[in-house]
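Spelled out from the first residue to the last, the chains are:
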Amino acid sequence: MATFSRFGLAICLTVSWVSFSSAARPSDDYGIPQVAEINEQISVVWKDYGISPAPEAQDFEWVRRVYLDIIGRVPSVAELEEFQRDRGKDRKKNLVEKLLNDSAFTEEYARNWTTIWTNVLIGRNGGLDNNSQVSREGMQKYLRDSFARNKPYDQLVREVITSEGANAPGMPNFNGAVNFYMDKLAEDGVQATAKTAQIFLGVQVQCTQCHNHPFNSWKQDKFWELNAFFRQTRAQRDRGMEANNAMGMAMSLKNVDFRGESGNPSQAEIYYELRNGLIEVAYPTFIDGTNVNPNGMVSQVNRREELSKFVTDSKEMQEAIVNRIWGHFFGNGFTKPIDDMGPHNRASHPELLTYLGEEFRGASFNIKELIKWITLSQAYGLSSKITKGNEVDDPTIGESPKFSHFYLRQMDAEQLYESLIVATQAHKTRADYAEQERMKSMWMQQFTIAFGTDEGDEATTFNGTIPQALMMFNGDLIKEATSVKPGSFIATLAANGDDGKEAIRHLYMATVARRPTKNEMQAAGILVASHKGNTAAALQDVFWALLNSNEFILNH
Amino acid sequence: MSIPTGMSRRHFMKHMAGASAMVAPAMMMGNAIRANAADLTSRGKSCIMLWMGGGPSTMDIWDLKPGANTGGPFRPISTSGDLQICEHMPKTAKIMKNLSVVRSMSTREADHGRGRYYMHTGYVPNPNIEHPGYGSVVAHELFDQRPYLEIPPFVSVGGGSVGPGFLGMSWAPFTVSSNGQVRNLKMAGMSEGTLGKRLEMLKLVENGFINQRRGPAAEDHAKILNKTVNLMTSEQMKAFRVTEEPEAMKEMYGTNGFGQGCLLARRLVEAGVPFIEVDLGGWDNHANIFNTLSDNKLPVMDQAMSALVTDLEQRGLLQDTTIVWMGEFSRTPRINGNTGRDHWARSWSTVVGGGGINGGIAVGETSADGTRVETEPYSAEDMMATVCRAMGMSLETTFTSKNGRPMKIANGGKVIKELIA
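If you read the sequences in order, they're chains U and D. End of the first sequence = 574 in the numbering used here, gap-free, step of one. End of the second sequence = 413 in the numbering used here, gap-free, step of one.
There are no misleading hints in this set.
Among chain U residues calculated to face chain D with C-beta under 10 Å, some are:
1. Ala204
2. Thr353
3. Asn363
4. Asn481
5. Gln486
6. Lys497
7. Ser548
8. Leu564
9. Asn566
10. His574
Listed next, the in silico DSS-like pairs over lysine-lysine satisfying Cα-Cα at most 30 Å (straight line):
11. U:Lys550 to U:Lys519
12. U:Lys458 to D:Lys178
13. U:Lys107 to U:Lys65
14. U:Lys386 to U:Lys458
15. U:Lys503 to D:Lys178
16. U:Lys354 to U:Lys386
17. D:Lys394 to U:Lys403
18. U:Lys354 to U:Lys65
19. U:Lys272 to U:Lys327
20. D:Lys215 to U:Lys403
21. U:Lys169 to U:Lys116
22. U:Lys536 to D:Lys215
23. D:Lys394 to U:Lys65
24. U:Lys354 to D:Lys215
25. U:Lys354 to D:Lys394
26. D:Lys83 to D:Lys409
27. U:Lys327 to U:Lys169
28. D:Lys86 to D:Lys57
29. U:Lys458 to U:Lys116
30. U:Lys406 to D:Lys215
31. D:Lys230 to D:Lys178
32. U:Lys550 to D:Lys178
33. D:Lys215 to D:Lys230
34. U:Lys386 to U:Lys169
35. U:Lys497 to D:Lys230
36. U:Lys497 to D:Lys178
37. D:Lys400 to D:Lys215
38. U:Lys354 to U:Lys403
39. U:Lys497 to U:Lys458
40. U:Lys406 to D:Lys394
If you're looking for bench data, these hints aren't it; they were derived computationally from the structure. We put the beta carbon where it would ideally sit given N, CA and C, even for glycine.
Extracted from the complex, chain D is given alone in its bound form (with noise of 0.2 Å):
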């Protein structure tokens, strides 16, 4: 692929590191040189986020009213875990002991962009701030526990998360098509002697523009511009080749963009990622709902979730693995006049499971016909809180804005103590 012939990557880094010595540290071309002891063995904690854009009707998937007039034509199957699923989601029930569903999920954004915003930072969009989402607090949180990882740490497999907000563009997701496809990796026409001479001479230029005080979207551009150069010239990129997985690892996942994305997002966690967001999006039902999900959504999802968790739990790898599975919100009980359900906040699930997470429970309750929480209600920070701890971060932990306001990771949400392992 992409790496210099006839120059060993640790030479390439090292005339990198050698250019930039004489000039500011804000461009510091080759900030990987540390990678060098690729400790493997290592690797500590991931999470694969699944985002159902659209914002899914939950009451049909993971916590089911038969009978109810809310209740839909859907039936209710026992699981490998001590809670009841869709039938729709056969495969995923055989794997239910390894996820809890969380029935009692109660939020305020019933917009898309706001509903997506507030479900991926915990906070509520406010036009004065932007707020870092979880892959981007998790990637700053557990990237230096990483020395080794060479590419981005946090990937995002058909687009559609949340950026790095106040965290700076560094932090940003790095966005791929699900067929793991990195567009302009392979350097065009150019020896690795060529690029070194051309990142010295950009250098300059680059450099003298930051040392002009021209803001952070100057210094935010030169800290990108290493990071390209890390992953342009790493072996690691041979993760995202999903496509060299054998036929009938990639059909167990469906080969369809959403189990692709998932079998790429099991092979960054083999690389170190720690986090990694995979899009299924179409969920925004507001017509024709329930043939929608029987017959396209939920059998994609159902293959390629289970196929996850069984891929990752045969791997060894479910335990330090944390799967997070929701949408921006969920949908209304009440069923609409074009067969369809529309936004809906107050009453809804999303699903947990994996490393650091009791799995096959379902968390709280909802009224009969689904329109109201019954326990405790549980919020976007709460499930952030949540996932962090069990990936091992301090909830104390908190961010200094550039106006240097303190701001608590999770927004001080609280912990959903059934779920912690």
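Next comes chain U alone, as it looks inside the complex (with noise of 0.2 Å):
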């Protein structure tokens, strides 16, 4: 069905093609059927609209995005002269490519990409406490594994929800996967099922563990048949095996025999209380009403592989992570929040949705082909810069997103790190893996903000607020990167002799990826003058303010 989707688009292309000049021409797609269709369904709300979409972006600004929002940094000067030499019609596709494909780019990719799912599946917060069940670094080599592999996205989603293993790299059996499990399982598993049915199916189920959702078609029932399928999963403390998890205990998930609160295991049933107080039955039953054998054996039912079996043959799946991934790119996803889906909180773009969905499960679940039809979209492509013709399309004042501009964002806290890492030149004496990801994890604390929650809530200070414009001006990480020390980043720039210009250059392309303006360059020259021949100060100023704009920190 998709691939005649695909087909009736080309023609509808090559029409537009005729008459409009401006639409999304057919040397946009790169060929690729999936990038047509975007650019087809995102034009066409563009029209119901009446809305005229922004200029394509810059190329270096454009070079700058998709390296932040694919390898979490910005570009260094190298990489973005290097894009300026390919003059070819496919030089973004080859960049694209380049950046998921290329080993020189694996390591970046995979550390990108295990952030962010770390800060799903386990939160920021996740087993940085003393006595923390979760090891992050588990986690973290987990995902770090699965992504460096390229793991096909419903294998990664099956390996997280049937996990068993030790939690700890170096302890026999590890398995990081089982770490997004490992605090859930308190009060019979309600944050696992909570959990579960968000980040991978996404829906938002939390409210009926207790009654009838409000908003949406969830029922309490569906909640606790949803738990069912935990009620073979435990958490075990490892004794004698602390040493793996530094901060943290050695735990391990195991599948044990439910016997059912009644005791009898080829009928293992739960019971939940209804807000009256009436006890009600519930066996594992999956979203949609398909339930398995309520044997609690294991060696007759695993309850939690059976789950992962409904989970990634389920339309919500595909969804779900469709939405996810788009939402990356684009700041905002086809509904907001991106984890609250369904008929409650209808979708801007639902064929469209739905349509990437089937795709992406025709492409094995391929996580890469996905980011390659967005990145290469021409919406994905389009400038921040708002004009008449597309002001209305402003998602900040509650309008479902047309795609019509770039919207600005701020980087995390973790694509900064990254990014003064690799714009100073630091990584070329980085530390080992382990030991970067505990420095960037102590850095991270400053920022995390808990709520005092059963649930783990919790939010970031980097948000754009006063203590982040602190950190800016005056935290260790920017006194650091704009040090003039012997050796440093600043120091070697200033030996280049020159009138400073150059390296005053370097400065704007390293941080806001573009040349100086005149204005800017005279101002510049204001500032190496009054430093009288000292050009390493005068360039830390620039460097302290171009890291400190709006430019730098927000992705545009």
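The task is to assemble the complex, starting from two chains supplied on their own in separate frames and drawing on the hints.
Laid out in structure tokens, this is it:
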């Protein structure tokens, strides 16, 4: 079916090429049918709303975007220059493919998506408390291996849902995937149930633990039927192995026989309480109503394995992941929030969402394919400059996103951190991977706020407010990056001689991926003069100013 | 601390103002130039919100049901007001003449995120718009009345608050930990002259980007830069130095995060900050609730809350400081199989007192087992309207969200009349 729609689309695009030269041209889709379909469906909505899209972003802006979004940092000056040397019409496609497939970028690609998914699966705080049951390092190791090998998404989901084994690297039977559920099994696995539904299926069911959902069709019985899949799961402490999890406990996740709450394993049922105190029974049943043999013996029915089949076969999973990835690249998903989907929260582009879900399944859940379709689309390549023709497209005032200009968004703290390391060439002398991640985690701690609930809700102060600005003004990371001590990035740049102009151009390229304007060059020249020949001091001022600018911190 | 040496604040701000005169108004570094007349005598109304993250069981604290099968083990005790409260709140009992309990709260949001949002904003979550919370609303309304204020008008101690929504990032809470430590406040190895030069350079880049019409995020960034410069160079930041309080004062509040947070809140009220929220989490007691309350949560809360009210009163600040105590919801009257209580929003209590509020009374009633409100039910909107009125704000105030939709302050809630002094 997907194939037919693609075919139909190609014809449609040819026609539009003839009639409106500014609409998506065939040359814009690089011969990739999914890109063509995205372009078509996005532009249909523009027409419906009488919106004209922003002009195309400047090349370097676009390059900066793909580096930030795909590998989690800004491009280096050398990388920008390399792109500039490619004058072919496929140069954007070439760059995306290089970032995705060239082994030189594998580590950074895996690091970026590991960061993103670690935060999704265990939160920014997961595994960082003393005595945590979670090994953050274990979670990261699993994800890093998965993304480095470009594991198909359905396989990743299956492995996480069915995971058994030890949580920390170095333990026998180590399986980092177990860290997702490790601290979510208290109170009969309420959190395991809620987070599995929210993250992998894009449905929010946490309220239906206690009552029917007020806004969607979820009923309390569905929550506990889903919950029944987790009743064979046990987290156990591995005493004597603590040394393997520096910050927390050594733990294992195991499947054990579930004998039901009335001791009959062949009908291993659970009970839950209605608001009026009445007790109801539930058996493992997926959200679409399909149930499994209620036998609780692991040798007969492995409930999480059954659940993983339901999840990976579901339409919900393919659309939830498309929505999440789309939201990552566009700053807005098709729904808001991205993980609360369903009839009560209509998608901005429902057909496109369905289409991409099917195509992603058709592409064997190859995440890199999905990334390629999105980043090569016309909408992703638009400027963030707002024009008269698209100023109505503003999701911040409650309009559903039309993707007619690129939506500004702030870098994540992790992106800032990695960007500074590359911008200052510090990556050339980095410690080993685990040590790097530990240092980054420690630095990240200053931004995290926990809300004091059992659900581990949290927020970050790296959100564009004063604490962040103070960190950018005065923090150690910035102090280090702008240091002028011998051998530092600035000192090296200053030592290259000339009047500093070349060095200033370099700083602009390294931070905001453009050349300074005439005014800016003039102002920088005044700075250089005021430092009476101390070029390093002047460069330090310029670098500091650039790092503190909106243009740097905002992905645009 | 961070005041540039050898250069007065005034000189410094002038320097910045001169620099900004030639650029777009969105980037007005040093907009606190008006700050010179530090007329502290005109210090206006403030509000301290004590936010109980997780949803405290109010029928074990403020509305006891001794003898009911839902009642739990705690006994009520008499207070200096016209109502009884839990036996594990003996210090607060002594100052209850200043605080009133609304026992007829009835809301519908029993999910943490949704409840936190609703109780903070008076609006149920809506995917299409973000509403401003109490702190941002109050800061927005009262900021102009305090031209002397150089530090943020909305401080969240311990985090967990709700943000500014459509009012924009410049009304976001300034989040600090309960020891009042503000990270990275010290200018890092640069003189004020250097900072001035750097800011001029920064301004060029910042405004260049804004002038390309990149949208509100670019402008918000500039506003936050201004506020940050103001704050870095302000003497008023000493209000955050709660560690400099005498030991006896620290001990009166309790030498724990919440106690010190409340003490910090009092210092900030003295400095003229209109809204301070102090967080105490850990009320999500699905299991083992009674031991947790009597051994841990209530002693901490009792000490800090009573010290705060006493201290404000002794300093003559209580009449201008409205105090609000609430969580996102409460807990089931029914005690579950783990000796816990689950989420419950249908019948519960909040507490208000201090400036503009009649203290010492209980408003409304719940049924004998605590499962129903038997008098007029009150909502988050009503609470917010009452607090706004107590602070002298007009309930006719209307915000216009960015899409032009008018939004009434407190979402049109009705004032709880018995409470208004």
